Amino acid sequence: MIIKMSKVSVIGPHSLLQEIMAYIYEAGVLHIETPPEYVKDTPYIRKLTLSLEQKNEMAELERVLALARRTLNTIKPLYIRVHSGDIPGSIQHDFFKQHSITNKHEEIGTTEAKASIERISISVDNLNQEIKEIEQQLSLYTRYEKILNSLSPLMELIPESPFRDYTGITLYKRESPLPLLEEAIQRVTDGRYEIFKKDVDEELMACVVVYPKEFAPEIKRLFHMENISELRMPADLADMPLMEALRTIMQKKDELPLDMKGLENTLKQLAFEKYDEFIRCFNIIEERLRQMEIFSALYGTKDTFYLCGWIPEKSTHPFIDNIRKRFNDMVIIRILTPARTEIEITPVLLSNPGVIRPFEALTRFLALPKYGTFDPTPLLAMFFPVFFGLILGDMGYGMIIFLVSFFVRWRWRGNETIRDMSSVLMLSSLFTIFFGVIFGELFGDLGRYIGLHHYIDRSVALIPFLIFSIIIGGLHISLGLLIGVIISFKRREANEAIVRILKMFFVFSIFGAAAAASGLLPGGLLRIMVLLAIGIIAALFFLEKWIAPFDAIKLIVNILSYARIMGFGAASIFLASIANRLTAMPRSIVLGIIIGIFFHIINLVVGVYAPAIQTLRLHYVEFFDKFFYPGGVEYKPFGRGRKVVI
Amino acid sequence: MMELGLMAIGAGLAIGLAAIATAIAQAKIGAAGIGALIEKPELIGRILILLVIPETLVILGFVTAVIILSTPR
Chain X
1 MIIKMSKVSV IGPHSLLQEI MAYIYEAGVL HIETPPEYVK DTPYIRKLTL SLEQKNEMAE
61 LERVLALARR TLNTIKPLYI RVHSGDIPGS IQHDFFKQHS ITNKHEEIGT TEAKASIERI
121 SISVDNLNQE IKEIEQQLSL YTRYEKILNS LSPLMELIPE SPFRDYTGIT LYKRESPLPL
181 LEEAIQRVTD GRYEIFKKDV DEELMACVVV YPKEFAPEIK RLFHMENISE LRMPADLADM
241 PLMEALRTIM QKKDELPLDM KGLENTLKQL AFEKYDEFIR CFNIIEERLR QMEIFSALYG
301 TKDTFYLCGW IPEKSTHPFI DNIRKRFNDM VIIRILTPAR TEIEITPVLL SNPGVIRPFE
361 ALTRFLALPK YGTFDPTPLL AMFFPVFFGL ILGDMGYGMI IFLVSFFVRW RWRGNETIRD
421 MSSVLMLSSL FTIFFGVIFG ELFGDLGRYI GLHHYIDRSV ALIPFLIFSI IIGGLHISLG
481 LLIGVIISFK RREANEAIVR ILKMFFVFSI FGAAAAASGL LPGGLLRIMV LLAIGIIAAL
541 FFLEKWIAPF DAIKLIVNIL SYARIMGFGA ASIFLASIAN RLTAMPRSIV LGIIIGIFFH
601 IINLVVGVYA PAIQTLRLHY VEFFDKFFYP GGVEYKPFGR GRKVVI
Chain C
1 MMELGLMAIG AGLAIGLAAI ATAIAQAKIG AAGIGALIEK PELIGRILIL LVIPETLVIL
61 GFVTAVIILS TPR
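Chains as they are written, first to last, in this note's numbering: chain X, 1 to 646; chain C, 1 to 73.
To be clear, the hints were calculated from the coordinates, so they are not data collected in a lab.
Only a predicted model underlies this, so the values are computations on that prediction, with no experimental measurement involved.
You may find that some hints are simply not true.
As the list claims (entries may be wrong) - Below are the DSBU-like pairs computed for lysine-lysine, each with C-alpha atoms no more than 30 Å apart in a straight line:
hint, chain 1, residue 1, chain 2, residue 2
1, X, 636, C, 40
2, X, 636, X, 4
3, X, 554, C, 28
4, X, 55, X, 554
5, X, 173, X, 213
6, X, 40, X, 302
7, X, 76, C, 40
8, X, 146, X, 40
9, X, 261, X, 146
My request is simple: use the sequences and hints to build the entire structure.
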């Protein structure tokens, strides 16, 4: 249901503004909105502006918040990995210890929070920077890996001597330049040289040319003139002799991954230890910024301020009494009578009892209903599990879905969305088991082989099941129209109410005609029902003009759309039966069982997805369309991110 | 026998053509929907509705096929 809201206004002196805002913030029930136009247009009333100091503070807070968001992108995934168990045991243990210690709600100020965020962010940035540099170095050295692997055995063959020099070169084998090069080197060095060569791969050959030191300039010139590519070392090693550079690279290639691992572990440790503190500081900064944003949206005169907002009706009087008690006559707080047009901007707070509450997520998935209309969550909670069960209707699948969703709900109990969705599935799986018993289905037709009794065999009774589905559609849509009529009257939309009443009668006349045609009602009623349907379309024409015939057709299509309950239900049992047949096909029993399990898993995944989507579609498109007014404004009270539960 | 064959072809065409039509419509809606989702992820509920609307076609095709095959010969 949609919680009733009261509108209140608060007027007080500037001197009390900070104190009152702090109280409202602590109470956390007032949804503040900009004042109505008539207040803004009153002489002497203007928008309150922030002082230069406050503006600077706001800019600073925005900067820190942006920095914090960037840091959070790094440390949050590490925190989440703790929950998935992807963290070494000792670290995990330390983290949880730390987590419980820092969870104490000791208050810290904005300055401390800012300093803490900056300190942690700088540490994270530095570590990230170091990791990035190592990654770059590693990627550079990896490019030398092949050549190094080829050259390192050659280097061991070269004896150390202060009178010798050597140059590493790479040659493309297909150009076969080695004989010519050897000839040229022999000419330059007068035969005092040696070449060590080794294949790098199919195309490339690595060579080390050793020669007396005095020939070094001529040899270098020769390589340059012949366009021979000398082995160039990375910039940081360029000044080293080739041999030493190669040794350094090989050594670093072994050391760098260890260094990186160490840095990554430090980063993890930092995230584990500081995440809780960081989030607390983040929230403090965010809340302070929100407070300042609210300040900048206030109106008032030279000496007073004015603010207005919405409070759930049940909390209104305690809120007003507390303000009066605390500020005496210095603050004027009044309950306002909202204008009729304000119903469109009144914030919406949904509140439903325990079993129904998880289905609020499905309503929100579409949109929030407007204030003053109808919250469809209870109806969704009533029909969604039934339709889901009717489509899937299998004891085996139902039990698996129940167990899996029970486990998921327990495992991720801290995550509200997952908890809600698994609760919805748990309830739906109970109906799946119930209808499975009626249809006598256990993993498709497997139940029949073990003598399971069935009350309805939907793989055979397709037409009766189709008619049953369409009747459900007719009733469901009529219920939607009935709710729509009530809401239209409440919203004083007489025209809309009459249209919906006519549509309800149109549905009855169509079903009456079908019943008369099939002999369930006296045959004479057929003509009356058809004439009634035509009469209703004519009446609709006066109210809706040319859209009326299309609306009538849409209504029929809406009802026929419920045939998907039969369609997807039949598909589900046929797919399960095929999985069972495939199990029996191979000669090996083990292979047959593996194939069977594989296809049943596929069918189960499809069996959860398809009924859920189709049931949602039936509600969103066919059912809600008759009474739902989407576009409600979400109720966001000014306070410490608390959830208001009525 | 001939009659049975024609009925089977009719049923196949009813569901097959409806499925092709649904696929064409869903492909276009899906592509546009993904584009919209990148801009506004909160629209997922509405896009999902738009995406599954053409499925009525294939359901009606399936119903037609079942009725054809269930017609007494």
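Comparing the hints with the structure gives:
Using a Cα cut-off of 30 Å, the hinted pair residue 636 of chain X and residue 40 of chain C holds, with the two alpha carbons roughly 20 Å apart. Between residue 636 of chain X and residue 4 of chain X, the direct Cα distance comes to roughly 15 Å. Compliance with the 30 Å bound is thereby established for this hinted pair. Taking the CA atoms of residue 554 of chain X and residue 28 of chain C, the gap is about 22 Å. The hint holds against a cut of 30 Å. Between the alpha carbons of residue 55 of chain X and residue 554 of chain X the distance comes to roughly 56 Å, so the proposed pair goes past 30 Å and is violated.
Annotation: proposed proximity of residue 173 of chain X to residue 213 of chain X holds, straight-line Cα distance about 28 Å (limit 30 Å). For the proposed pair residue 40 of chain X and residue 302 of chain X, the alpha carbon gap of about 14 Å is at most 30 Å, so the pair holds. With a C-alpha separation of about 24 Å, the suggested pairing of residue 76 of chain X with residue 40 of chain C holds against the 30 Å cut-off. Simply put, residue 146 of chain X and residue 40 of chain X have alpha-carbon atoms about 75 Å apart, too far for the 30 Å limit, and the pair is violated.
For the given pair, residue 261 of chain X sits about 24 Å from residue 146 of chain X by alpha-carbon distance, which is consistent with the 30 Å threshold.
When each numbered hint is compared with the structure, violations occur for hints 4 and 8.
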